[in-house]
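Enquirer: Here are the chains, one letter per residue:
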Amino acid sequence: MSDYVIPSGWEAVIGLEIHAQLATRSKIFSGASTAFGAEPNAQACAVDLGLPGVLPVLNEGAVRMASLFGLAIDAEISRVSSFDRKNYFYPDLPKGYQTTQLARPIVVGGQVTITTGEGKQAREHTINVTRAHLEEDAGKSLHEDFHGMTGIDLNRAGTPLIEIVSEPDMRTPEQAVAYARKIHAIVQYLGICDGNMQEGSFRVDANVSVRPEGETAFGTRAEIKNVNSFRFLQRAIEFEIERQVDLLETGGEVVQCTRLYDPDRDETRLMRTKEDADDYRYFPCPDLLPVVLDEATIKSWRAQLPELPDAKAGRYQSEYGLSAYDAGVLTASRATAEYFEAVIARDGADPKLAANWVMGEVAALLNRLELEIGDCPVPADKLADLLERIGDGTLSNKLGREVFEALAEEGGSVDAIIEARGLKQISDTGAIEAMVDEVIAANPGQVEAYRGGKDKLFGFFVGQVMKAAKGKANPQAVNEVLKRRLDGD
Amino acid sequence: MSTSDIPHRGGDAALINASIAELRAGLAAGEYTANDLSAAFAARIETIDPSLNSLVSRVEPVEPASETGRLAGIPYVHKDIFCAKGTRTTCGSRMLADWVAPYDSTVHERLTRSGAVLLGKANMDEFAMGSSNENSHFGAVANPWDTNAVPGGSSGGSAAAVAARLVPFATGTDTGGSIRQPAAFCGVTGIKPTYGRVSRYGMIAYASSFDQGGVIAKSAEDCATVLGEMAGFDERDSTSADREVPDYAATLNDSIAGLRVGIPRQWFSEALDPAVGDAVTAAIDELRAAGAETVEIDLPDADIALAAYYLLAPAEASSNLSRFDGVRFGYRCEDPKDLQDLYERSRSEGFGAEVKRRILVGTYALSAGYYDAFYRRAQKARRLVTDHFQRAFEQCDVIAGPVTPTPAFDRGAHSDDPAKMYLEDIFTIPVNLAGLPGMSVPAGFVAGRPVGLQLIGRHFDEARLLNVAHQYQQRVDWHTRMPSLGGDSSNH
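Heads up: the sequence lines are chains F and Z, in that order. The opening position of the first sequence corresponds to residue 1 in this note's numbering, with each subsequent residue numbered one higher. The opening position of the second sequence corresponds to residue 1001 in this note's numbering, with each subsequent residue numbered one higher.
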């Protein structure tokens, strides 16, 4: 969480344009594969190459996925949408135009709810979505290894995208990040985008402007491109707000422009101003028919919607008694929710215990190893085994952490680790009574003081017993026996 | 080898003038083989085409892919806008002068499956832009009836080749009249089907919402046979129509008694060469003699249609031709100094004057601030023209009129005046705006140059157009006339 505070007297206005690659097997207008990482141009067919004479054929899977997104954010699904051409020359744009939806996008309106802050500071905001439209991705220009020339890889050309355009409803970088994360979660819950920001499957552009507090007119905005992580999104917007406020406070002027975020230098750099922006000469694409959707189709898609993050978080609170914050964290990504649900699928599982472990040990481990939860070295069923042993008293939380570390490092079964390392908790009352009696016998002075009213000494006795048990004694049992013996029964 | 090597009834003239049905019968009877046939026509191309320049490339004939298809063993040429795998496909442009298509167009695939044998690729106006075939990187094409005259365009090579009997039929495309006008100028029969009837996949785009593939042949009967093989739904072309293709041959002989023929009164005005008007009127009289009734109709907006077309088609073209940028295929300038230079010089050097003119017009029409005044208004005009046709078809079953205001003009006559050249398309363009089927049928001569009768039908009413044209051709012999050609001994 950033501690960033917007310069006083100023307000930022932020809107995001998010490009999410749809997880169709083939491209939006051709049968070529969309898989990432193939040899350059191995996945570009005649249509993707824009060879003379080829024609696009719309992939209906892309229409379904875009519509699912619209339904998930409670938007209107256009009964008739259509494609336009956006004309401009660029080497990685094979046809000299991008096929997109300008006049009649498939998704209109909609909104998502975001939460910023924790506990008493938690605030909910509704962020409105203007539209989401279908379009094709471009290829990639490769500037290295070509001896001063540029290589073109058209594998990505024609990959289906939805561009999700928000209203300028966000006022802080934190809100913008929360919104981007929520959209990220939704497309992953829907299974329509893998959400991989490093590979460019989920890309965020931010429109940022500032205005004096109380002003209602918008300031001149800058569009920031090339932001490929949520952390960079936060930093890029912070930088941009500072840049614009500095300009205005020193008598300067913000010029409408497109800027690139450079994460190495943590700054945004001018890419182009409005003056040299292209005239895209949009017009309706004559090669594609309008997309017409009937009520029955939309109804059947609505029925396919999975449980979405907000609904899931609500259920975690009501069904498992989790706090709003915990439920929010656990549902923030589909993979985390799936992991959590796999852990508590075990008979007799304690959801609260599981939540603490997933948000505590598991999160810390992933953070340390820089891994996604899908690649967690301790799979959900192993954690369920471990929590079962905590639940039945075999392990204390502390011993559990030791087993967890062992699982993370070496794998293997929970019971085998407990056995091999002798980590079994001592819960046998007889053994604990014997240790307690030894401690009492060895410390007559403290016993007298305790019995004389020095309650605080209880902790001393617990420590002594645990020391004798090498930490393996069941703490609850130790407490009970000590109390009985010291207080006299 | 010459045609005289082939044993057949009636000598060379009979073979080259034979209908597709007659050629099929000759093949079936074993009078000649498919190889004999393709060799005979290839030899004729060898002898005659040097004086016409109707072909850009020759293609080595292969064994027919089918022995039983309706076109099995029948030689033909493609307008050089259709991709056929392994053949150079130039679109009449320097831009694609060396481009070999790596895939088959749907039209080529279907004709091949039907057994047709490709002998060459026909010359054309560059990227199908032109009405005289003078805009070809590979040189102008001569009209076989008069080598000083243009053959029309843009399918000028196709029409000239069929008129000169170099092949029994040729493919063509028609965006604003590019099948009908050259068919009229060359005295052959051509059909532009309803938009969506023939797949555009693999047919290099000029103006996608107008482009439509079709046939040029000697007669309506042959057109019916070939169109039946070319037409039909194609899942690779989203704008192709998913409806059954009727058996066009089956209704050719239906009587046209009682048929209501609409005559657009505005088309017989001072813009029309009176001699052409007389020929067309005589042709309409023949339809009446065959039992048809005529009714005057109003098509008041040919001039609006022309203006709309010359905004919309260039607008689409400016976008369609963006892919020719020197990056992936086609012409690339020498030693580009940077990306901008690569674009500018590749396109400046690779495209001819008319193509550049239309790219500029189209780019302008789509530009911010002009879109509403030009593109959007032109779309409105397009709807208006379509509505007027719809209203006309409430009064009649087909429309008959001229194809062009004049017979074929001399080469160079309109070279300096593009606007005058555009007027050549005034009677054909409205049909493309409305996406209707249209035909050009030989209807006589003016000063030795052919004149065409245009027939226009309702959407997907090709069967009726072919029927009317065939009935007309049962009563006249214009379509059987053949030009006398230098180097062609059989006709003297």
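A few of these clues could be false.
Claimed, not checked - Covered, in the sense of this in silico footprint (three residues per stretch, anywhere, with C-beta under 8 Å from a C-beta of chain F), are these stretches of chain Z:
id, stretch
1, 1200-1213
2, 1456-1465
Unchecked claim - Pair by pair, the computed Cβ-Cβ distance ranges are:
id, chain 1, residue 1, chain 2, residue 2, range
3, F, 37, Z, 1334, 30 to 38 Å
4, Z, 1233, F, 229, 44 to 52 Å
5, Z, 1271, F, 270, 56 to 64 Å
6, Z, 1367, F, 120, 36 to 44 Å
7, Z, 1255, F, 88, 23 to 31 Å
8, Z, 1244, F, 342, 35 to 43 Å
9, Z, 1288, F, 80, 58 to 66 Å
Stated by the list, open to error - Residues of chain F placed beyond 10 Å of chain Z at every Cβ, according to the derived structure:
id, residue
10, 50
11, 85
12, 87
13, 108
14, 199
15, 221
16, 272
17, 287
18, 325
19, 454
Hint data in this document are derived by calculation from the structure and do not stem from the laboratory. Note that the structure is a prediction, hence the values are computed from the model and not measured. Using N, Cα and C, we set each Cβ at its ideal position, and we do this for glycine too.
Enquirer: The structure should be examined with respect to each hint, and the outcome stated for every one.
Expert: Results for each hint:
Counting residues of the stretch 1200-1213 of chain Z whose CB lies closer than 8 Å to any CB of chain F gives 9, so the stated coverage by that chain holds, three being the minimum. Here's how the stretch 1456-1465 of chain Z fares: 0 of its residues keep a CB closer than 8 Å to some CB of chain F, so the rule of at least three is not met and the hint is violated. Taking the beta carbon of each, residue 37 of chain F and residue 1334 of chain Z are about 36 Å apart, inside 30 to 38 Å as hinted. Judged by the Cβ atoms, the range 44 to 52 Å given for residue 1233 of chain Z and residue 229 of chain F holds: they are separated by roughly 47 Å.
In this structure, residue 1271 of chain Z and residue 270 of chain F meet the distance hint of 56 to 64 Å, their C-beta atoms being roughly 57 Å apart. At roughly 56 Å, the beta-carbon separation of residue 1367 of chain Z and residue 120 of chain F lies outside the given 36 to 44 Å, and the hint is violated. Look at residue 1255 of chain Z against residue 88 of chain F: about 57 Å separates their beta carbons, and that is not inside 23 to 31 Å. For residue 1244 of chain Z and residue 342 of chain F, the Cβ-Cβ distance of about 54 Å falls outside the hinted range of 35 to 43 Å, so the restraint is violated.
Distance hint check for residue 1288 of chain Z and residue 80 of chain F: the Cβ-Cβ separation is about 46 Å, which falls outside the suggested range of 58 to 66 Å. With a least beta-carbon separation of about 4 Å from chain Z, residue 50 of chain F fails to lie farther than 10 Å from that chain, contradicting its non-interface assignment. Once the 10 Å rule is applied to beta carbons, residue 85 of chain F is inconsistent with being away from chain Z; the minimum gap is 5 Å. Look at residue 87 of chain F: its CB is around 5 Å from the nearest CB on chain Z, not clear of 10 Å, so calling it non-interface is violated.
At roughly 22 Å from the closest C-beta of chain Z, the C-beta of residue 108 of chain F stays outside 10 Å, upholding its exclusion from the interface. Every C-beta of chain Z lies more than 10 Å from that of residue 199 of chain F, the closest at about 24 Å, which supports listing it as non-interface. Under the 10 Å C-beta cut-off, the non-interface status given to residue 221 of chain F relative to chain Z holds; the minimum distance is some 19 Å. A cut-off of 10 Å between C-beta atoms confirms that residue 272 of chain F is not in contact with chain Z; the least separation is 15 Å.
In this structure residue 287 of chain F is not separated from chain Z by more than 10 Å, as the shortest Cβ-Cβ distance comes to only about 5 Å. No Cβ of chain Z comes within 10 Å of the Cβ of residue 325 of chain F; the nearest lies about 49 Å off, and the non-interface call holds. The Cβ of residue 454 of chain F lies farther than 10 Å from every Cβ of chain Z, with a closest approach of about 85 Å, so its non-interface assignment holds.
Hint compliance for this structure: hints 2, 6, 7, 8, 9, 10, 11, 12 and 17 are not met, and every other hint is.
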